[in-house]
Amino acid sequence: MAYLRSRRRHPRWLAASAFVACACAGLTANLAEAADPQCPYGVNAHQASNAALDLVAAAGIAWVRFDLNWLQFEPDQGNFQWNEADRFVEHAASLGLSVYMTAAYTPMWAVGVPCNDADPNDANWCHNAPPASSSSWTSFVTAAVTRYGDKVKAWGMWNEPNLKSFYRGTRDQYVNDILVPGSAAVHAACPDCKVMGPELANLRGADWDKDEGECYGTLGCRYNAWEYSLTKILAAAGGSIDVITHHKYRDPATAMWKELTDGVNEGPIEVNHGLKVILDAAAPGKPVWITEFGWESEPFGDKTNIYAAQQLTEAYQGFIALRNGTQPSVTNQPWPNLEKLFWYDLHDDPNGYSWGLLDSSLGKKAPYDAYAAVITALGPCGSGGSAGEGGAAGAGGSGGGAGGSGGTVGQGGKGGAGGSLPGDAAAGTGGVPADGSAQGGASSQPPSQTSGSDSGCGCRTAQRQEAGAWIGALLAAALCAYGRKRKPCE
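Numbered as in the working numbering, the sequence shown ends at 563 without a single skipped number.
It is worth saying that the hints were derived from the structure and are not from the lab. A portion of the hints provided could be inaccurate.
As the list claims (entries may be wrong) - SDA-like mimics (lysine to any residue), calculated; alpha carbons at most 20 Å apart, straight line: (1) 283 to 305; (2) 305 to 245; (3) 226 to 160; (4) 226 to 360; (5) 267 to 361; (6) 224 to 283; (7) 267 to 296; (8) 305 to 243; (9) 237 to 205; (10) 359 to 310; (11) 267 to 253; (12) 283 to 296; (13) 305 to 253; (14) 283 to 243; (15) 305 to 242; (16) 267 to 311; (17) 267 to 409; (18) 224 to 315; (19) 305 to 285; (20) 267 to 205.
Modelling step: build the complete structure from the supplied sequences, incorporating the hints.
Structure follows, in structure tokens:
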């Protein structure tokens, strides 16, 4: 079966045997407790194996995004093949994970005209084509929501439809044939379910509306494809969307948040408004989820695993700060209805993609350990408070031992005296504030500067220095835990 591909994301379905199983010893006994649905921590899981989902839960991540590929689950009209979705949903539920399903990609039978089922580079490929009839789409959506609506409450209407690699219909076709009827089908089958969308790629050169804009003499031009598309979709069908979902890839994380809130300037031209500006005008008060962000690291990406871990950490610090109105260098804040942030991707693909928290054999990469440490610092969901609601590391609780007694880490609060951190490094009274620096008392030094603990750390010198520079004691400890497990000292 051909896969949809882009430089970032390609939906796929993989049997659990495609990956080396992980003996996930040490999973805590309370993993099956239901996660707080307000929890901000998410990851794109595609159709991950049970072993991979075990690692998601072990890290404290609460939400997983699943690829509900229409062509896979209804290969022939009325012939539903739910086995893989059943397995994923049931195992996620047993771990207390919340599932966000994105339905997309047309089976050959629903296209209505001859098309190429094998070659994604063919202009007449089946699976990014709009269906010939919206009724075939709504029948699939209804069947899926009826089957899973008791366990899955978040339903996405396609993935990045403004890119031809995923959808080659027009914007109006998407609204009229996918979004509006799909939303109605979801709500009819499950009144308390939420419809997510429009799941656009944040690209000025996206295929929809890429020539829309203005030129200013010799100063330059403003081409704002995604912005124009989003505004038009919300004007035409905003009532069909319960939660605004959006994808944003930008390096570094500080620039990602700056562009999402204050917009993008190139010289004197504001080439894009910020997503927040657009939504404040067109969809005021609606929840917002950033459902894809990330950095491609080793072995195929141009970023190191440590750099990706750094950016993940800074992204979540920025997320909490924006909600609270304390993000440095950002004007348009607070953003209280910014609810969730989904890392892309859960694990690497050996076919040439390495955006994962895990490698292709489910070994933990540095971003995985950083994510687990962030969740410990900001407050695991279900442990006394959600980091997505005010940034508190548990309401009056310990925040997993890292936030300190009643410490509000998301607002720069101090860690508790001697609190235990990932990697077995001890925190002093200073803790780690939201900006990532160690301050406010006798904080323990990063492992690169801590006598007695470095000998067992296993971090290479360059890793120790870089880790110490960017997040201080807490996540340096996580990196050292990563190094101790996976990279002996050199």
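Hint-by-hint comparison with the structure:
1. 283 to 305: At roughly 13 Å apart (the allowed maximum being 20 Å), residue 305 and residue 283 satisfy the hint.
2. 305 to 245: Holds, at about 9 Å.
3. 226 to 160: holds (17 Å)
4. 226 to 360: holds (15 Å)
5. 267 to 361: It holds: about 12 Å lies between the C-alpha atoms, which stays within 20 Å.
6. 224 to 283: Violated, at about 38 Å.
7. 267 to 296: Violated. Residue 267 to residue 296 sits at ~32 Å, over the 20 Å cutoff.
8. 305 to 243: holds (12 Å)
9. 237 to 205: Measuring from Cα to Cα gives roughly 17 Å; hence the hint holds.
10. 359 to 310: holds (14 Å)
11. 267 to 253: holds (13 Å)
12. 283 to 296: OK: residue 283 and residue 296 at ~7 Å, within 20 Å.
13. 305 to 253: Since the Cα atoms of residue 305 and residue 253 sit roughly 14 Å apart, the hinted pair holds (cutoff 20 Å).
14. 283 to 243: At roughly 12 Å apart (the allowed maximum being 20 Å), residue 243 and residue 283 satisfy the hint.
15. 305 to 242: holds (15 Å)
16. 267 to 311: holds (13 Å)
17. 267 to 409: holds (19 Å)
18. 224 to 315: holds (18 Å)
19. 305 to 285: holds (12 Å)
20. 267 to 205: violated (26 Å)
Going down the numbered hints, you'll see the structure goes against 6, 7 and 20, while the others check out.
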